[in-house]
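Participant: Residue strings, one per chain:
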Amino acid sequence: MAELTDIANETIRREIEEYLDRPEEIERNVGLFVRVRPLMQEIAAALIEGDDGTVDRLTKQALGEGIDALEIMDDGLISGMGIVGIKFRDTFIFVPEVLACARAMKAGMAYIEPILSASGVKPLATVVMGTVKGDLHDIGKNLCIMMLRGSGFSVIDLGVDTSDDEFIDAVEEHKAPILGMSALLTTTMPNMGKTIEAFIDADLREDVRIMVGGAPVTQEFADDMGADAYGKDALDCVAVAKGFVSVQA
Amino acid sequence: MKLDAVAGGELIVIGENIHTTRALRSKGKSIVENSGREAVAYTDSAGAQRHLPVPDSFKRRQEYQQGQIKHVMIAVKVAMAGGDGSDEALIYLRQLVDKQIRVNADFLDLNVDEISWKLEEQKAAIKWLVTTIQGMTKLPLSIDSSNVEVIATGLAAYDSAATRPLLNSASLERIEALDLAQEHNARVVVTAAGESGMPNGAEERVQNASRMVDAALEKGFTLGDLFIDPLVFPTSVDRVFGLHCLEAIRGLRKKYGPDIHITGGISNASFGIPGRKLINEVFLILSVEAGADGGIIDPVLSNPVEVFGMNRDSNAYQMAEDVILGRDEFCQKYIAAWRKGEIGEAR
Numbered sequence: 001m002a003e004l005t006d007i008a009n010e011t012i013r014r015e016i017e018e019y020l021d022r023p024e025e026i027e028r029n030v031g032l033f034v035r036v037r038p039l040m041q042e043i044a045a046a047l048i049e050g051d052d053g054t055v056d057r058l059t060k061q062a063l064g065e066g067i068d069a070l071e072i073m074d075d076g077l078i079s080g081m082g083i084v085g086i087k088f089r090d091t092f093i094f095v096p097e098v099l100a101c102a103r104a105m106k107a108g109m110a111y112i113e114p115i116l117s118a119s120g121v122k123p124l125a126t127v128v129m130g131t132v133k134g135d136l137h138d139i140g141k142n143l144c145i146m147m148l149r150g151s152g153f154s155v156i157d158l159g160v161d162t163s164d165d166e167f168i169d170a171v172e173e174h175k176a177p178i179l180g181m182s183a184l185l186t187t188t189m190p191n192m193g194k195t196i197e198a199f200i201d202a203d204l205r206e207d208v209r210i211m212v213g214g215a216p217v218t219q220e221f222a223d224d225m226g227a228d229a230y231g232k233d234a235l236d237c238v239a240v241a242k243g244f245v246s247v248q249a
Numbered sequence: 250m251k252l253d254a255v256a257g258g259e260l261i262v263i264g265e266n267i268h269t270t271r272a273l274r275s276k277g278k279s280i281v282e283n284s285g286r287e288a289v290a291y292t293d294s295a296g297a298q299r300h301l302p303v304p305d306s307f308k309r310r311q312e313y314q315q316g317q318i319k320h321v322m323i324a325v326k327v328a329m330a331g332g333d334g335s336d337e338a339l340i341y342l343r344q345l346v347d348k349q350i351r352v353n354a355d356f357l358d359l360n361v362d363e364i365s366w367k368l369e370e371q372k373a374a375i376k377w378l379v380t381t382i383q384g385m386t387k388l389p390l391s392i393d394s395s396n397v398e399v400i401a402t403g404l405a406a407y408d409s410a411a412t413r414p415l416l417n418s419a420s421l422e423r424i425e426a427l428d429l430a431q432e433h434n435a436r437v438v439v440t441a442a443g444e445s446g447m448p449n450g451a452e453e454r455v456q457n458a459s460r461m462v463d464a465a466l467e468k469g470f471t472l473g474d475l476f477i478d479p480l481v482f483p484t485s486v487d488r489v490f491g492l493h494c495l496e497a498i499r500g501l502r503k504k505y506g507p508d509i510h511i512t513g514g515i516s517n518a519s520f521g522i523p524g525r526k527l528i529n530e531v532f533l534i535l536s537v538e539a540g541a542d543g544g545i546i547d548p549v550l551s552n553p554v555e556v557f558g559m560n561r562d563s564n565a566y567q568m569a570e571d572v573i574l575g576r577d578e579f580c581q582k583y584i585a586a587w588r589k590g591e592i593g594e595a596r
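Protein chains in written order, with my numbering: chain A, 1 to 249; chain B, 250 to 596.
Just so you know, these hints were derived from the structure itself, not from any lab. Treat the hints with caution; some may be incorrect.
[As the list claims (entries may be wrong)] Heads up, simulated DMTMM-like pairs for lysine to aspartate or glutamate below, C-alpha to C-alpha not over 25 Å straight-line:
hint : chain 1 : residue 1 : chain 2 : residue 2
1    : B       : K589      : A       : D223
2    : B       : K589      : A       : D90
3    : B       : K589      : A       : E24
4    : B       : K589      : A       : E17
5    : B       : K526      : A       : D233
6    : B       : K504      : B       : E555
7    : B       : K308      : A       : D236
8    : B       : K308      : A       : D224
9    : A       : K194      : B       : D428
10   : A       : K232      : B       : D428
11   : B       : K504      : B       : E467
[Stated by the list, open to error] If you want the footprint, here are the derived chain B segments under chain A, 3+ residues with CB under 8 Å:
hint : region
12   : 389-399
13   : 412-418
14   : 465-475
15   : 514-522
Since the structure is predicted, the reported quantities are computational estimates derived from the model, not experimental observations. The beta carbon of each residue, even a glycine, is placed where N, CA and C say it ideally should be.
This is chain B alone, in the form it adopts within the complex (with noise of 0.2 Å):
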């Protein structure tokens, strides 16, 4: 999308509405009971109200009795089962489509890997999931696993005749995944993983990932087609872990220049404490201002053009940067605000 407050006019937004992980609470206002029975509220792509029915299966599971409903992992199976309600699920998975295309995301992002633990089931789901999705919408889609035989299979049912896809992703604990980008002449994800862990500081982010670029550009791939993606780590767990981020942005974006892409998994930085939007939202300005030109960010929830037009004096915003600068040891100041409802879950 065009945004003027990023360096280069754009920023390429990745859009995560449309993983199988994404729940919403059950006490919150969206959960509703509808012809006696509990259902997510919405809204379709032409504005009229609507209900996806809760089905029983997914009472009994663990994520339910604790709390949270798991719509869109719902609106896939019930989708794919083609049975009673596969209508209004379409009607679901599409809407979180359209929403996404009305705030210009760049991309759309399909996970499913917490459909099932069973490969089989996983790689029936991508590739009915990347075929509907794409009669849907003529958006680019971003093929999302952690394992490379799901985004294989996802690869495989893509349709590539108006649009690359793009391969989420590549890393040194499987390199291999670059040929399969270039199989399906794909840009690519590649991360900041290590062989064998998880990187330790900025320092070492930049190494990983730059091998990882130089391995792309030996292949033949070019900058453009490369999305880095540094590792966003959870600043609760420890408050050095969004520095180290920003700066390895920093460094990559020195070294390799303006057209590598650099994104990043921008919610990650706020698990484990409230207020989270607004945590991600200041983890994304920060991020584009420390040199990534995109994220991989809910942009309904999240619209940049939004994100880049908050009042940043706000004490807030003052806060929440304090969060990921590593400024407030234990978060405390900023849970303390959230407690007295100075932060608010939406602005």
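Same shape as in the complex, but just chain A (with noise of 0.2 Å):
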């Protein structure tokens, strides 16, 4: 079994050591440091700092050196994004920090995306998103926006006040096998399950997956509107968003 004291990089194998506390993501980190290349950890504990310049400076080099953008994206960004996930998750770090995480995925996703494109890369998958009828707040949904973007989705943002049939019609258009619905209100909140009817009502709720989130919403609540699933915050959004493409792969 690999120990953390295989991994390379010293600021993976500290950030591992002093912010993970559940065994089974010690052990899937630890595994999948051990296995990257110690260019990837590099990436990877830049991006956890916060450090744009050098993720933007290591990105280019990885790629001057012939490594794959795929395996930049996975093995150097999306790996150091996954710890910075839990720490904000266990509260050991705060939104402006997860922000400046982001902002550094961004510099190195800059280089990425467009080779990714042009050699016919798709992206996971398009992911619907909008705040609910009667809603216009966005700052929840905008960072939930960011951080599936910078995860390698693509993003249809259909912005504040969604009816259903906005969103009704951007999943046939986009073809999004994924629709995220917010609201910061309890009382636009049952707008979500008015929207799941009316994919039920359209004969389209079988195509797409439903994720909801927003400050008041819970798991019990997306249960009883019908959604497919809760999102507690913008990285359990990605989270979430992962397992639907990986259910349906």
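Starting from the two chains in their separate frames, assemble the complex, guided by the hints.
Facilitator: This is the structure we're talking about:
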């Protein structure tokens, strides 16, 4: 079995040792980082530290050395963001620090994305996102979109105050397998359920996996409304979307 | 409340302590075991130590499992139900009222939106709460909801014989709330929200709020009836958010002169970062300097008399100001200082 001490990069070792607590997460991350090459570990470490300049430089360097863009995205950027997600969930770090990491991710993706799209590599999936009818709040939804894009998803942003028809039309037009709805108000939250009903009425419910989130939303509420999943924050939203994709595959 | 630090000598405090969103950390020091039950420890209005038990039904809730105890929601639900424990829950609500009176709050803001996502349950709760709290105090109440129907129910239950209520809030997306305010002789919070989205920048805030103010004046409200909420966004999400809000306050004060009230949900400023109390307090100070004459705040946690007496030369104050004014990218310095214990949760 892979050991923590087998990881070459000191920052990654320290991050795992200091911030990871759940045995399965330690095992998964140790296994992951032992496997990836040292330069990818360095990219991940810089991303975790929110150092966009270094991520920019190292991504360029890695591409120059002929390393595959997909490998840099998976082993360098996404692996680093995995640790960031755990630290945020366990409140070791806070919203602005996650945003700094997202900016670093973006710096790397600026090189990776054009290469992937030119070589015909498809995004993980298309996600339609919007704040529900009657609700004008978009800060949380925008954080979700940023994290989804940074993690390899293509996102169609419908903005705020989104009607059932707008959700349905966008899902149909973009053949999106995933729909995300956000609400910040208890008074607009039930509109998530109404939109889900509208998908059922339009005979499209089977074609799309629906995730919901927002401050007052709970797992229980999501279940009651017939959503497929609930995400408690922007990073959880990415985990949920990835879960959908892996089930599909 | 009278406050010399404020231009005009008066700060209008809208106390937000009776919101069903309010939470205590379950690992915090006010959550204790009492006679074998988990409970919120508190002092009642007479100063006696008491306990509000956490009902088992709350322990199945998501926020409880994430370490939060929604103490106000517990008190409202248990008191409304009227069975075992309702006396204790009423005593709990009464101390929330009395503690805000003691620090000279001007309005008590009531919000029950989170009690349920069912409109009928929200209406029943606001009706009960308005009647109950009016039985405890003569202070005017602010009826707060994101749903106009809930506000209408709260205003209908309000006895305005002694004081006028405050409607929180009306905005371009629901301008009909102005008629509701008029119908109930209420003063009204008008926000800077747009018809179809949140405002971007200071200019749009001023424009949206101005349209609301002008519509209200046309209906016969006076400037003194109106409380502008320029909308405070979390500075953790974008470092320009604090500046946008403060600039809007300056613009609105200049435009409408001294009689209109300018307030705001100050604690939004600190969402997403630790050491929230200090950020909230400094945001209040900076808002008032920009021309606000009040805030929707927790006046017990942040007593304005103490807030405005704060040492502004301290490192902690300067760092909080840097966050709000967009000078601390990603709040790096502030969070680093908090980790070193240099910010502190309480003064």
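Participant: If you check each hint against the structure, which ones fail?
Facilitator: 1, 3, 6, 9, 10, 13, 14
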